[in-house]
Amino acid sequence: MTGATARHTPGPGSAARHTPGPGSAARHTPGPGSAARHTPGPGSAAHLTHQGLIYGTDEEFLSATVPFCLDGLEQDDAVLAVTTAANIGLLRGALGGTAEQVEFVDADDWYRAPGRTLGAYHRYVDRHTADGAHARVRVIGEPVWHGRDRLETAEWTRYEAAINVAFADCPAWIVCPYDTRALPADVVAGARHTHPELVAGPAAHPSDHYTPPDTGRRSWERRLAPVTVDGREAVLDFAADLSEVRAFVAETAGALGLSGERAGHLVFAANEVATNAVRHGGGHGRISLRRAGRRIVCDVANPARGGVEWYTGYLPPGRTRGRGHGLWTVRQLCDLVEIDTDAGVTTVRLHLDL
Amino acid sequence: MADMTTRADRERLVEEADQGDHLCLAFADDAEQRRVATAYVLGGLERGERVMYFADGRAPEQVLGWLREAGADPAPALERGQLVVTTADDSYLAVGPFDPDAMVATLHQEVADSLAAGYTGFRVSGEMGWALRDVPGADRLGEYETKVNEVFAGGPASAICQYDARRFDADALAAFDGRHPGAVAPEPLYSSGLLRLAPSFRAGRRALRVVGDVDYQSAAALATALETAMGWPGDITVDMSGLDFIDLAGVRALVQTAERLPEGRRMHIVELTPMLRHVMHVVGWDRVPALTVNAGEGAE
Numbered sequence: 006m007t008g009a010t011a012r013h014t015p016g017p018g019s020a021a022r023h024t025p026g027p028g029s030a031a032r033h034t035p036g037p038g039s040a041a042r043h044t045p046g047p048g049s050a051a052h053l054t055h056q057g058l059i060y061g062t063d064e065e066f067l068s069a070t071v072p073f074c075l076d077g078l079e080q081d082d083a084v085l086a087v088t089t090a091a092n093i094g095l096l097r098g099a100l101g102g103t104a105e106q107v108e109f110v111d112a113d114d115w116y117r118a119p120g121r122t123l124g125a126y127h128r129y130v131d132r133h134t135a136d137g138a139h140a141r142v143r144v145i146g147e148p149v150w151h152g153r154d155r156l157e158t159a160e161w162t163r164y165e166a167a168i169n170v171a172f173a174d175c176p177a178w179i180v181c182p183y184d185t186r187a188l189p190a191d192v193v194a195g196a197r198h199t200h201p202e203l204v205a206g207p208a209a210h211p212s213d214h215y216t217p218p219d220t221g222r223r224s225w226e227r228r229l230a231p232v233t234v235d236g237r238e239a240v241l242d243f244a245a246d247l248s249e250v251r252a253f254v255a256e257t258a259g260a261l262g263l264s265g266e267r268a269g270h271l272v273f274a275a276n277e278v279a280t281n282a283v284r285h286g287g288g289h290g291r292i293s294l295r296r297a298g299r300r301i302v303c304d305v306a307n308p309a310r311g312g313v314e315w316y317t318g319y320l321p322p323g324r325t326r327g328r329g330h331g332l333w334t335v336r337q338l339c340d341l342v343e344i345d346t347d348a349g350v351t352t353v354r355l356h357l358d359l
Numbered sequence: 021m022a023d024m025t026t027r028a029d030r031e032r033l034v035e036e037a038d039q040g041d042h043l044c045l046a047f048a049d050d051a052e053q054r055r056v057a058t059a060y061v062l063g064g065l066e067r068g069e070r071v072m073y074f075a076d077g078r079a080p081e082q083v084l085g086w087l088r089e090a091g092a093d094p095a096p097a098l099e100r101g102q103l104v105v106t107t108a109d110d111s112y113l114a115v116g117p118f119d120p121d122a123m124v125a126t127l128h129q130e131v132a133d134s135l136a137a138g139y140t141g142f143r144v145s146g147e148m149g150w151a152l153r154d155v156p157g158a159d160r161l162g163e164y165e166t167k168v169n170e171v172f173a174g175g176p177a178s179a180i181c182q183y184d185a186r187r188f189d190a191d192a193l194a195a196f197d198g199r200h201p202g203a204v205a206p207e208p209l210y211s212s213g214l215l216r217l218a219p220s221f222r223a224g225r226r227a228l229r230v231v232g233d234v235d236y237q238s239a240a241a242l243a244t245a246l247e248t249a250m251g252w253p254g255d256i257t258v259d260m261s262g263l264d265f266i267d268l269a270g271v272r273a274l275v276q277t278a279e280r281l282p283e284g285r286r287m288h289i290v291e292l293t294p295m296l297r298h299v300m301h302v303v304g305w306d307r308v309p310a311l312t313v314n315a316g317e318g319a320e
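Residue numbers (the numbering used here), protein chains in the order written: chain A, 6 to 359; chain B, 21 to 320.
Note that these hints are calculated values from the structure, not bench results. The structure presented is a predicted model; accordingly, all values stated were derived computationally and were not measured. Glycine is no exception: its CB is placed at the ideal position from the N, C-alpha and C atoms. One should not assume that every hint holds.
Stated by the list, open to error - With the C-beta cut set under 10 Å, the calculated list includes, among others, these residues of chain B facing chain A: (1) PHE188; (2) TYR210; (3) SER211; (4) GLY213; (5) GLN237; (6) THR293; (7) GLY304.
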């Protein structure tokens, strides 16, 4: 296990966290460990390590994930494995008695909506590291790709890209397995773009195709996907009085077949986006709702005031920070969110599954 | 104990207090007591009712001063006997231990006398602070508050019993409150077409009641009302049972107030919908140390 010796020495990041004082400031200082990122395994626990594991056999899966788990347990990291039922069985078998110390979650239960999954990972990291219980968390996170349409596949790929910015300062080491036996070639190709490093066995190397979220961001931006409208589209122009928007969304969503609870989520989300429109986007906007296949699709459009980063709403909000909660919450409540600025109009598109 | 879920339905504005009412006023500041007492007395005189006021710990002259400063001259009503302002010590406590049955009988008589004298009805208000002193029979006040309902229910008479929430123990106050069929609605701190923010009482404790919609246009009003609530003693309870909608800006106002509370004080948000508890969870606001959020009863 190359690099194991180095990893037994607590990195400067983790040492700083135990020093009384502003721990968060200390976490933001890059330690020498992060500079030495090209050695297999991260030296600093205070930064994200996000690796793709492209495997074609059970042996390839286990040869990377087993040492990852064992090494983590040895270093007292919290270890979470979110993967297929079959892989959970394989991993449990290979880990034997130590499997009890690993938390296993079925990927089908975990990867339901990109915003919510990212939020769940964020809470997991926070829960295990905030009070100093663990210096770092290790995650095996195998996204679900079956049953996804083109829009969902594209957004889950962007979710993988967003991980790099959302968890940049988190003491998390995430390995994302991609099974070449089951996945389409474009999904596997996506993994090479979204992961700074790729793993083979216990070793890691930089991905030649890695596309960072902030450089060359054109490659992560995307126009709204076309939707097929079933039936009538309901439209409302709004200005300062958002009680009209809330009443419109509640009534229309109900008529389109959304359940009471989900309609409540949509009302809340649409109100937040409309609030942004009237406060920061020209003071007025247009909201439209329609049914498109198995989804309710709600657009909130307003005159654009500057660009919006493609990963807006994927960054976990600071607990007490004044702003930045709006689109985060919207992504937690909706199943899919698209944001696009085109021809002077910013559109936030909310998808809720029926 | 009153059924707290119907708390709001019991409340009525003092201006709308009417014959048949037996209302509890739990107040936490002098201005509020004065406002309600003044409006109730003057309202009765205007309706041609006979009015009795039992002060406690203050001279009757002070109550008459409230009426004058409200623009009314109480002298003619005092002269013809339509208005009587006295103290508990000088009236029903002067004759011996407090006796609920005797007091109920006296009030029946006052109602009958008022009608006989040509008044349209009878209304009475009393400051109940004497019950906290070492007065013989004070322990029977609860019994009285229940028995006296027969005087007012369906009759041509009404009453407002005044309890100072700063002096009465919260549990005792909740018990007294529960013996009244109704309560006086506190004056709202804010009121618009969409939102009303009013002081209230839950389980004998001061609460801020949020009724209607809070959005970006009214979040500042909520923040201001919470600022007022920070001046109340003890923990802050925010009663969301009448909430129709609150956006993130409104929830943020709650969280920011909770974070500013001094050591040892907490904010309790009660009867928040599961959807909004979920929102607070996903934003991480459920982990603010000074804040508790729950679905059911008030401060624990």
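Structure versus earlier hints, numbers of those that do not hold, lowest first: 1, 2 and 3
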